[in-house]
Amino acid sequence: MNFLTPEALAFAATLPVVVVFYLLKRRRVARLVSSTVLWQRFLNETQASSPFQKLRHN
Amino acid sequence: MAALISPDLLKRLEQLQLLARRRSKSTAKGERRSGARGQSVEFADYRSYVPGDDLRRIDWNLYGRLDRLFLKLYEEERELPVTIFLDASESMSFGQVPKFDFARQVAAAVGYVALCGFDRVTVEPFPLGDDQVGLVGELRQVRGRKSSIRFFENLAKLKAAGTADFNQALRRGAMKHRAPGVSVVLSDFLAPAGYEEGLKSLAHRGSEIHAVQILSPEELEPSAYGDLKVIDSETGAEQEVTFGKYRLKAYQATVQNYCQRLQEFCRARGVRYQLARSDTPIDDLLLKAMRTGGMWR
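Protein chains in written order, with this note's numbering: chain A, 1 to 58; chain B, 59 to 355.
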């Protein structure tokens with residue numbers, strides 16, 4: 001048994017990947033807050049902006 | 059909002075007196091000690107007589123003893139200008155009890171204490187909406203206890219909306235109110251451009267500044283969990299945040315850091331700082347915290 005166009009099969013295999021990524025995508029709930037100043041600071045303080053940044057400093 | 063301040067609280071506020079560390083430099087008469095010489099019961103100094111001086115002010119007992127003419131000088135009592143900078147930006151309208159309502163109550167209380175003490179009160183809301191220009195005129199240079207009812211009514215008509223430029227508002231206010239007195243800044247101090255410049259320009263004027271930072275419970279401990287996209291009510295800036303109970307402590311540390319930095323900034327410039335949660339009873343803040351904070355006695 002063989003396929004007429006194996007490329008098409010490879011393409012068909014990529015389709016579920018796209019669907020999986022879509023399902024994994026974070027859906028964010030929009031929320032109106034008074035000010036994002038505190039949130040920005042919170043993210044700056046807790047998130048490492050580059051990989052292993054925290055490790056390097058320690 | 060029925061009444062800004064309950065009658066009970068008003069009665070207790072009447073007994074308070076705004077404290078001013080420096081002598082009044084205003085030119086209008088009032089009830090505050092000033093460096094100027096004039097008429098009051100408080101003796102200040104002697105000065106030798108110069109032709110043209112008022113003969114009624116000569117100390118005749120001294121003339122009888124020394125055969126020389128001296129004038130008795132008294133301390134002139136001048137008024138103390140009190141300026142209240144009220145943050146009326148969109149961000150102040152948040153909270154179960156809107157922060158703006160809380161700020162208004164504090165403004166009313168400060169104004170009332172000042173009016174009872176025969177001081178001149180000006181409220182400077184920022185930003186200034188087009189429909190509020192006439193209203194703000196009414197909130198300027200208010201004097202006398204009788205005007206307190208109108209003062210409260212006008213305060214109640216103010217609305218919180220729009221984007222505020224904190225620094226610009228304070229800089230302008232410092233230019234406008236040149237006579238140093240007591241300034242009270244009521245805001246959440248969550249300005250994207252920072253608060254440093256504004257407070258600095260106000261402090262340079264030599265007036266005594268009280269900063270009251272009003273934060274809502276929601277800002278101090280957010281109850282929204284999950285994948286969020288928080289939108290700034292003033293600037294419309296969006297920020298993607300994933301938040302959960304496990305990050306609450308870290309968030310609170312951030313808030314505490316922010317407030318602490320503001321407090322240190324204030325202390326370095328002689329500004330008195332106070333943090334107030336908008337859901338605390340107003341009596342506690344006015345009669346306890348602000349009294350120990352040196353606002354009044």
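Hints in this document: simulated from the structure, not taken from any laboratory. The beta-carbon is built from N, C-alpha and C at its ideal position, and this holds for glycine as well. Wrong hints could be hidden among the right ones.
[To be verified] With a straight-line Cα cutoff of 30 Å, these simulated BS3-like cross-link-like pairs (lysine-lysine) come out:
| # | chain 1 | residue 1 | chain 2 | residue 2 |
| --- | --- | --- | --- | --- |
| 1 | A | Lys25 | B | Lys87 |
| 2 | B | Lys303 | B | Lys287 |
| 3 | B | Lys204 | B | Lys258 |
| 4 | B | Lys307 | A | Lys25 |
| 5 | B | Lys307 | B | Lys346 |
| 6 | B | Lys87 | B | Lys204 |
| 7 | B | Lys83 | B | Lys258 |
| 8 | A | Lys25 | B | Lys130 |
| 9 | B | Lys217 | B | Lys303 |
[To be verified] Okay, the calculated beta carbon distance ranges per label pair:
| # | chain 1 | residue 1 | chain 2 | residue 2 | range |
| --- | --- | --- | --- | --- | --- |
| 10 | A | Val20 | B | Lys346 | 55 to 63 Å |
| 11 | A | Leu32 | B | Leu306 | 33 to 41 Å |
| 12 | A | Leu32 | B | Ala251 | 39 to 47 Å |
| 13 | A | Val20 | B | Glu296 | 50 to 58 Å |
| 14 | B | Gln310 | A | Leu32 | 16 to 24 Å |
| 15 | B | Gly220 | A | Val20 | 41 to 49 Å |
| 16 | A | Arg26 | B | Val155 | 30 to 38 Å |
| 17 | B | Gln310 | A | Arg27 | 20 to 28 Å |
| 18 | B | Lys346 | A | Leu32 | 27 to 35 Å |
| 19 | A | Arg26 | B | Asp66 | 18 to 26 Å |
Worksheet item: Which hint numbers doesn't this structure obey?
Response: Hint check: 1, 3, 8, 9, 11, 12, 13, 19 fail, others pass.
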